[in-house]
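**Q** Let's have the full structure, built from the sequences with the hints guiding it.
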Amino acid sequence: MTQDLVVYAVYIGYAIGVLMTFGLILTWVERKQAAVMSDRIGANRAYLRIPFTQVKLVWWGLFHGMADGIKMLLKEDYKPKPYDWYAYMVAPWVVFTPVLLVFAVIPFGGMLHPGQLVPALAGWFGDRAYPMQIAQLDAGLLIVFAFGGVSVIGAMLAGWSSSNKFSLLGALRAGSQMISYELVLALTLLGLVLIYGTVDLDDIVRQQSGRIAGLPAWGIFLQPFAATLFLAAAIAENKRIPFDLPEAESELISGYFTEYSAMKMGLFMFAEFIEIAIIAALFTTLFLGGYNLPYMHDGGFSLPFGVEIAMSHTAVVITQVLVFLGKVFLLCSFQILIRWSLPRFRYDQVLKFAWKFMFPLALANLIVTVLVVWAMTP
Amino acid sequence: MSAARRPARAPYVRKAYWNEPAMGFWERAYLFEILRGLAITGGVFLRNMGKWVTGRKGALTTYYPEETRRDYARNNRGKHVLTQRPDGRPQCVACNMCATVCPAKVIEIEAGFDPADAEHPKYPVRFEIDYSRCVFCGLCVEACPEDAIRMDKTVPDLPSPDRLQMWLGKEELLAWKPERDVAKPYPPAPGGHEGTTP
Numbered sequence: 004m005t006q007d008l009v010v011y012a013v014y015i016g017y018a019i020g021v022l023m024t025f026g027l028i029l030t031w032v033e034r035k036q037a038a039v040m041s042d043r044i045g046a047n048r049a050y051l052r053i054p055f056t057q058v059k060l061v062w063w064g065l066f067h068g069m070a071d072g073i074k075m076l077l078k079e080d081y082k083p084k085p086y087d088w089y090a091y092m093v094a095p096w097v098v099f100t101p102v103l104l105v106f107a108v109i110p111f112g113g114m115l116h117p118g119q120l121v122p123a124l125a126g127w128f129g130d131r132a133y134p135m136q137i138a139q140l141d142a143g144l145l146i147v148f149a150f151g152g153v154s155v156i157g158a159m160l161a162g163w164s165s166s167n168k169f170s171l172l173g174a175l176r177a178g179s180q181m182i183s184y185e186l187v188l189a190l191t192l193l194g195l196v197l198i199y200g201t202v203d204l205d206d207i208v209r210q211q212s213g214r215i216a217g218l219p220a221w222g223i224f225l226q227p228f229a230a231t232l233f234l235a236a237a238i239a240e241n242k243r244i245p246f247d248l249p250e251a252e253s254e255l256i257s258g259y260f261t262e263y264s265a266m267k268m269g270l271f272m273f274a275e276f277i278e279i280a281i282i283a284a285l286f287t288t289l290f291l292g293g294y295n296l297p298y299m300h301d302g303g304f305s306l307p308f309g310v311e312i313a314m315s316h317t318a319v320v321i322t323q324v325l326v327f328l329g330k331v332f333l334l335c336s337f338q339i340l341i342r343w344s345l346p347r348f349r350y351d352q353v354l355k356f357a358w359k360f361m362f363p364l365a366l367a368n369l370i371v372t373v374l375v376v377w378a379m380t381p
Numbered sequence: 049m050s051a052a053r054r055p056a057r058a059p060y061v062r063k064a065y066w067n068e069p070a071m072g073f074w075e076r077a078y079l080f081e082i083l084r085g086l087a088i089t090g091g092v093f094l095r096n097m098g099k100w101v102t103g104r105k106g107a108l109t110t111y112y113p114e115e116t117r118r119d120y121a122r123n124n125r126g127k128h129v130l131t132q133r134p135d136g137r138p139q140c141v142a143c144n145m146c147a148t149v150c151p152a153k154v155i156e157i158e159a160g161f162d163p164a165d166a167e168h169p170k171y172p173v174r175f176e177i178d179y180s181r182c183v184f185c186g187l188c189v190e191a192c193p194e195d196a197i198r199m200d201k202t203v204p205d206l207p208s209p210d211r212l213q214m215w216l217g218k219e220e221l222l223a224w225k226p227e228r229d230v231a232k233p234y235p236p237a238p239g240g241h242e243g244t245t246p
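Heads up: the sequence lines are chains B and H, in that order. Numbers 4 to 381, taken from my numbering, label the letters of the first sequence in order. Numbers 49 to 246, taken from my numbering, label the letters of the second sequence in order.
Note that these hints are calculated values from the structure, not bench results. The reader is advised that the hints may include incorrect statements.
As the list claims (entries may be wrong) - Cβ pair distances, simulated, as ranges:
no.: 1; chain 1: B; residue 1: Tyr350; chain 2: H; residue 2: Arg211; range: 42 to 48 Å
no.: 2; chain 1: B; residue 1: Glu254; chain 2: H; residue 2: Val92; range: 27 to 33 Å
no.: 3; chain 1: B; residue 1: Ile53; chain 2: H; residue 2: Glu115; range: 23 to 29 Å
no.: 4; chain 1: H; residue 1: Asp162; chain 2: B; residue 2: Arg48; range: 44 to 50 Å
no.: 5; chain 1: B; residue 1: Tyr350; chain 2: H; residue 2: Trp66; range: 20 to 26 Å
no.: 6; chain 1: B; residue 1: Val61; chain 2: H; residue 2: Asp135; range: 46 to 52 Å
no.: 7; chain 1: B; residue 1: Lys74; chain 2: H; residue 2: Val92; range: 28 to 34 Å
The beta-carbon is built from N, C-alpha and C at its ideal position, and this holds for glycine as well.
**A** Written out as structure tokens, the structure is:
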């Protein structure tokens, strides 16, 4: 019992640590990558000076994220006279919390045997095993959608309670856009659910460790179309360029969080950056074989042509955790690439894109999947 | 009669200035054009990262104080220099014309009296320029009756967290190597009309 508590406390600490780190690092990665993409140098001035010395750690400006955070914390927390004070105060947290909660159901590693990992604790843990996932829920994917839907409420609360026309317009846009793309998001994943026959994310990852016709059975090979649509819809969910209509600077100042300042505004930004990581983690889990390398499973590698490579438990755990983080980071970088390459849609185009382009395509994808699954079922 | 033999002029049709849909099917399908755009930006990113990894510079911009551009124009209006008499004293007679004409009011001159020099008894004790406000218009150079102030090609390069450190005094302005200035000969040609010599 106590053992369970310790393991899950470690998991939760790890998850929060990873998400916060991603949130901080991504602010820097975004600026630096945008700069490199456009032949500039990018943020490189912030440094940490080791106390009592003149040694300055610049590290390519990696500390700009920290500087941003400190700036947000120290700024004046200006409060307008909002229409609804309570909603105004609670809105950033309604946006921020579900983003963190989604990570609870995402598996970031395979089965963990603490007794084998730390031999000193072998007597205490015995042969207990824990999947590296905070909550093993059968309804994993449904939880993801449930929490994903909650953050719309936060955006709308923020816009409604700010007593500002721009905020209200941004909130309206956020509401209609996010609800439209929520639908597309769910429809694209229905095909995967049909193929894997489960919504348990850990089970989905385990099924992707197998292989079909020599290729790893990754979701992106089974459902390439759904993967593309999912990524597009997820970016639209996250309200980033090219879908950043709810906060379009040139039209709505800052959209639904115009009237927020200091750390409350920082929470909105932070939620956006963490959601990049969450989308990357979801995409990894659903389409890119999760925490496993191709042909890898909890015991090691089983390559094609019958080659088996066994690995120790410690090596497997470390590889899986690192592979998961690496995949997530690469996908974050890809999202940033998209954000700095494409121009913003017009508002009617956003909704047209959702309902007249992606929705029918997702439906078509679903129908084809249904037919194929039906034909292949014995 | 001759008008009848003329070929009939086509009736005037007003030209419709409206953008034709210039995009083809594949362009309107959007996805492929997106992939093409991503390939371009991603290619630039990878190219610059490759340059960075191999120690070359990918960016077109410069790390400013550590690194300055090399391609300033030959007649760039940069840092001011005070010209000198052959004995090393400034040619300036502290007439304050440059300070008067300066649109940014950045030149401060304190005049002094030198009884030893009968020809030019008035000289600047202090001659200071505030580069935090200078607009590099060159009007001081044009206003000077003695050709005592010129502008060098090099830029001042005085980045500082404190604007009081962006002042240059007489000593810095006099520290100048005249042989680098090819536009005007130094010392000035005898007769005082140095503009006539090439």
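**Q** Each of the hints needs a verdict: does it hold here or not?
**A** Here is what the structure says about each hint:
1. Tyr350/B / Arg211/H: 42 to 48 Å: This hint holds: roughly 45 Å between Cβ atoms.
2. Glu254/B / Val92/H: 27 to 33 Å: The hinted range 27 to 33 Å holds for Glu254/B and Val92/H, with Cβ atoms some 29 Å apart.
3. Ile53/B / Glu115/H: 23 to 29 Å: Once the Cβ atoms are compared, 26 Å apart, the range 23 to 29 Å for Glu115/H and Ile53/B holds.
4. Asp162/H / Arg48/B: 44 to 50 Å: holds (48 Å)
5. Tyr350/B / Trp66/H: 20 to 26 Å: About 23 Å separates the Cβ atoms of Tyr350/B and Trp66/H, which means 20 to 26 Å holds.
6. Val61/B / Asp135/H: 46 to 52 Å: holds (49 Å)
7. Lys74/B / Val92/H: 28 to 34 Å: holds (30 Å)
In this structure, none of the earlier numbered hints is contradicted; all agree with it.
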